[in-house]
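The listed protein sequences derive, respectively, from chains A and B. Under the numbering used here, the residues of the first sequence are numbered 140 to 861, in order. Under the numbering used here, the residues of the second sequence are numbered 140 to 861, in order.
Be careful, since some hints might not be right.
The list treats identical chains as one, so a pair stands whether inside a single copy or across any two.
What the hints assert, rightly or not - Think about it this way: if two alpha-carbon atoms lie no more than 27 angstroms apart in a straight line, the pair counts; the simulated BS3-like pairs of lysine-lysine are:
1) Lys562 - Lys448
2) Lys858 - Lys792
3) Lys407 - Lys220
4) Lys407 - Lys352
5) Lys383 - Lys407
6) Lys383 - Lys861
7) Lys456 - Lys383
8) Lys823 - Lys628
9) Lys560 - Lys236
The set of hints was computed from the structure by calculation and includes no laboratory data.
Number of protein chains: 2
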Amino acid sequence: MHNIFNYLNLVWFPRIFIFFAFLISFTFRTENLTAQHYALSSPDKNLNSEIKITPDGSITYSLTFKDRKVLNPGSLGLNLKNQPDFSNGFLAVSEEKSSQNNSWEPVWGEESTIINHYNQLELSLSHAQTDRVIHLQFRLFDDGLAFRYHFPRQSNLSYFTIADELTTFNLMENHTAFWIPGDYDTNEYPYFTTKLSEIDATRAQHFSEIGVKNIVGENVVQTPLTMIGGDKDLFISIHEAALKGYPAMYADVDRSTFSVKAELAHDKNGNKAYLQTPFTTPWRVILVTEQPEDLLASRTILNLNEPSKIEDTDWIKPQKYVGIWWEMHAAGKSWNYADVSNIKLDQVDWDTLKPNGRHGATTKRAKTYIDFAADHGFESVLIEGWNVGWEDWYGNGKEEVFDFVTPYPDFDVKKVTAYAKKKGVKVMMHHETSGSVTNFERRMDEAYDFMDNYGYESVKTGYVGGIIPRSEYHDSQWMVDHFIRVAEKTAERNILLNSHESTRPTGLHRTWPNWLASESARGNEFNAWSSGNPPEHETILPFTRILGGPMDYTPGIFQIKLDYYNSESPWQVKTTLAKQLALYVTIYSPLQMAADLPENYERFPDAFQFIKDVPVDWSDSRYLDAFPGDYIAIARKDKHSDNWFIGAITDEKARNFDLNLDFLEKNSTYTAIIYGDSEDAHWKENPMSYEIKELQEITSQSNLQLNLKPGGGAAVMLKKVK
Amino acid sequence: MHNIFNYLNLVWFPRIFIFFAFLISFTFRTENLTAQHYALSSPDKNLNSEIKITPDGSITYSLTFKDRKVLNPGSLGLNLKNQPDFSNGFLAVSEEKSSQNNSWEPVWGEESTIINHYNQLELSLSHAQTDRVIHLQFRLFDDGLAFRYHFPRQSNLSYFTIADELTTFNLMENHTAFWIPGDYDTNEYPYFTTKLSEIDATRAQHFSEIGVKNIVGENVVQTPLTMIGGDKDLFISIHEAALKGYPAMYADVDRSTFSVKAELAHDKNGNKAYLQTPFTTPWRVILVTEQPEDLLASRTILNLNEPSKIEDTDWIKPQKYVGIWWEMHAAGKSWNYADVSNIKLDQVDWDTLKPNGRHGATTKRAKTYIDFAADHGFESVLIEGWNVGWEDWYGNGKEEVFDFVTPYPDFDVKKVTAYAKKKGVKVMMHHETSGSVTNFERRMDEAYDFMDNYGYESVKTGYVGGIIPRSEYHDSQWMVDHFIRVAEKTAERNILLNSHESTRPTGLHRTWPNWLASESARGNEFNAWSSGNPPEHETILPFTRILGGPMDYTPGIFQIKLDYYNSESPWQVKTTLAKQLALYVTIYSPLQMAADLPENYERFPDAFQFIKDVPVDWSDSRYLDAFPGDYIAIARKDKHSDNWFIGAITDEKARNFDLNLDFLEKNSTYTAIIYGDSEDAHWKENPMSYEIKELQEITSQSNLQLNLKPGGGAAVMLKKVK
């Protein structure tokens, strides 16, 4: 124990301060009998925001788009735990306006240059009652408003706990919303499409295939919360950017007034954020566009994130990978080596334990994948279930669940990595934590040393299960910090990161571009063992979850129906085969898996050619035609060639596209290779029926007809001929 | 997300099992209409225990000592969370008796050989309703009963959570008890001495000098709970041994029936222990002696712990140390470098921050201590406050509070450790965590690497503050495991450990003998800045806290009154100077600090000679005369010479000892150097008045008169002459 009295002395100074501050406040308050008004416009003047400090010192903001109100005045502020009310009593003591119009080059992305153009207003607000100061920073882009709170270093405020964030988005009408439940632990739900008034998150309670669910409340939903307003001519999405040192935000929807309040994830003590000044909250973002395609083209969330903290980024390589993975989900293979339900890592003689005969990650199988990757130009092979601990890894709240360095006896890590090296292929490490993060953090350095030793250059992390520390949820502040810690640690060691079951992204991959992708949504694997993802699913993801950052969706399943492996399986992927190909273009990620088994690709080498050809890094992207929940058609230009690629997908409805190709280089000629649904294709009835056509002499004057069948899609390679 | 259905399949097997088990249970239950009885005696037959399975399958045990009842039948068992009742329905299906009578040699201790002599009964109990099995293991030593629960590996029980431990100690009378509050976070209270009926833990609420208090309940107290019964001829102590993988136990006292129930620390989710079979609980221990001295001589708690897990123990060196420490507590020096209340480790330019001029851990001051240690034969120098972070380390719930590797600008770690090396002295590392254990665990390896680099061979850890993970308390299962993790990690790296603010000991130093000492009680420093430790304090500690293991009490304060440093200080150490010397013998620890400033020792070189001479490792110990709360006189023989040492202390009353020295070697002669209170000495009025006498020709036939003044003591060196 140490002498705490030295420290208690310090407590008296602030009290004297407060007393004087209170005297001063009289003067201030007298001046503030009328409201203070501030206005901000977007560079194109279409978006306008008014910020007001009311006579009682509350802060509100509103938003209009052209002549339409988007947000009625909504409150701003934060309340601190065990501290005087912080929702009013503010006076703006200074105002600073500035603008930015520049561009930057992402390490990887949907285009090679991103324009960052906004007008900014920064208000410094003094809170007389407590003699404290906060700053409010507003940025108006042409496609959205963003604001955040900043607590500067100050003598009256060092450490504090957030009790509640008061931020409110007062929507004007009963928009149609694409929502999943706000859940402290998962984002792995299919989307509901309802009016705001009809939101009921408890409808998602029955998705028993999701391991750990903690639905926040009936009317609390996840962000990005994307909505359609007006006469389908207003597209709004509420999200956040640069989530660091703070919990994830949910949208608490008042179903009668359409007022949406920021609801923060808390820890199990009920606290939302433990903060120290200086601190800046994540950005609160409201994207607003007239065209749905412009929502997909928005880079506002990326622009709000800090530039790369990694100086030398040459080692960061967007890539495609295959892996021992789908066969566990779909084809009866197992992650675990033995069928026992109770193991202790250091007490099992793995060499004598009876193998179950279904173990996926064997040396032999790994070599098959490595050969396949080498033959077809995939950079990496993911191998899941390689390390001991899978026998009782899930649902036991077990802390010492994996050690991340001990392979099963039938997986010879030396042989496998040497073989991969010989073949010019990298093995992707898998660090499933089972949610036991204290265990992972203790072993992380050793785990990365192991990767160094064996030449692993990328890692897929997993967090399936309730979180240990037992005070935490997947979305609470401590876990948000953990995920960033992993991004930083892996960056330091030149490791590429692919995080699953992490907090949904908020553009942090700009800052840590080694963080190639996250799952953090309902991925393709749900199709292997549950009601799965309805045909509309992939038309919603880019308008919601993927607005925050790339998703490791793991497309490319060719063997659509899973009774192929097990005649009793009722499951299937709810797309056509051609749509699986189109997803490589419509779902942007610098990391794309070809998720099916090598044997299945070998059955369909012509279709597989598209997966081999499609790039994962782009110099340009054009959002040709899209509507959330219905269809998406995107064209992207390869960053390393003159070829363009198009992906078009539809929901359960057949749909024809007549695409204008005016984005192609003038005076150039292209050959189009079209991987499309056959005439008789149908996601349910006949999903694997595809046809490949080649069209010559395509130019920027050409139009491209794509006929998509129910649940179908088309993938197109536009190969520049001259 | 992974396929959890594979795992769900497993769930059905147990259900079927349970159904059959239920059928079988009918048979069992029919057989068990009468109670089952088992008896166990201590080797000397004085202690007898009866274990009974009642007709309804509850388990009870009782204890008698000679012809006296010590414990009425008390219940045994554990209830599991969300599982069928586990408090009855048991049937003993097998019984196994065994005995041990052997001895072992501790790496260090109060004697060189420890006898381990007990009779054991092991019952295997079947629980028909759930088809589960537990084992109960009882051991009767001549000075106490111990029992524990064992959950074997079994198909019906792999993972479970303890909701409640039912163990009850049904005491027979309203004993006088020495107690401190059961507290989830601290043991740093002075002792209360009351009848069991008068226990009221809330009386301790006012000790505001204790940073983080979480008192369990009015009638819940800490163990070891030591009591005096009968006509002061029965001494009982309830404690536990080998606390691993389980939370600390408190004593929940029924103040009218004197029934004491085991109350386990829980985490902030209300769960007590997350367990996996096979699992064995800590031992529940009831020490029973007729003589108070025999309680001090008991090695039952050590015998119940596992032998050393460290094979080569040559590097483990009991030792005395000095350090930059008391001057922060008593003499106006500070741990922190600057007087600011808000720092972020990576955002401060320490070289330009204004130093407060009071910083203790400077290069210069470190050299003074190193010189002093070298001159006077101390093995190590502790230096606290050497590393950045102390400015706002306490009470802020700050996670990234220290990095354990960055010295302050005025502490040149290279110079200091090089200087120490030259002088043949070791520097003791200090790892204060501020309770932020997630931060510490993340940085632990780096911290130990740092120690390796600079030649540190021992570490003092500290856990002042609320625990992070925020689900935990100092005494909850996760923290118990953490403290052991640190013992293991330091053992692996040949580092000696001295843990402060850790769970109170339960004999684990037998298993990890590098864990030299813990604080885990109210140490000497409380005298520097609070109502402190009353004169009786050190006469109680060996009968309570220290029964579990050595304490780093930090005795040896010569400058008793602290107005010496600051004329306004009301504080003082509540002993005479001579008593401070006696503590080196009465408070056993293989690690003893000479806690005062070198300058103070230089003022009293004659008295200081005792601290230089007294060993910290013993071949034999004799508990000559002792009564908890009143006095203690102990003689110990140096492990490395033929010299004996005696320490005698008293509470606030003057007391004369007439000690029989028959433990001395026959036919040998000794010179006694007696460091005692002067005639006018008094802990309050005249504490620094001591006298040193030398007596020649002392033999085993001699008696030694020691006159102790109020709050006084005497320290004796018996130097063998021939």
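Results for each hint:
1. When the C-alpha separation of lysine 562 and lysine 448 is checked against a cutoff of 27 angstroms, the pair qualifies neither within a copy, at 33 angstroms, nor between copies, at 45 angstroms.
2. For the identical chains of this complex, lysine 858 and lysine 792 are neighbours neither inside a copy (29 angstroms) nor across copies (100 angstroms), given an alpha-carbon limit of 27 angstroms.
3. Taking CA atoms no more than 27 angstroms apart as the test, lysine 407 paired with lysine 220 passes in both settings, with 15 angstroms inside one copy and 19 angstroms between copies.
4. Taking the shortest alpha-carbon separations for lysine 407 and lysine 352, both the intra-copy value of 15 angstroms and the inter-copy value of 20 angstroms come in at or below 27 angstroms.
5. Within a single copy, lysine 383 and lysine 407 get their C-alpha atoms as close as 19 angstroms, and across copies as close as 25 angstroms, so both meet the 27 angstroms cut-off.
6. Taking the closest pair of Cα atoms, lysine 383 and lysine 861 never come within 27 angstroms of each other, the shortest separation being 48 angstroms inside a single copy and 74 angstroms across copies.
7. In this assembly of identical chains, lysine 456 and lysine 383 lie within 27 angstroms of each other by CA distance solely inside one copy; the values are 25 angstroms within and 46 angstroms between copies.
8. Proximity of lysine 823 to lysine 628 under the C-alpha cut-off of 27 angstroms is found in neither arrangement, the shortest distances being 44 angstroms within a copy and 57 angstroms between copies.
9. Taking identical chains as interchangeable, the C-alpha atoms of lysine 560 and lysine 236 are never at most 27 angstroms apart, the minima being 55 angstroms within one chain and 60 angstroms between chains.
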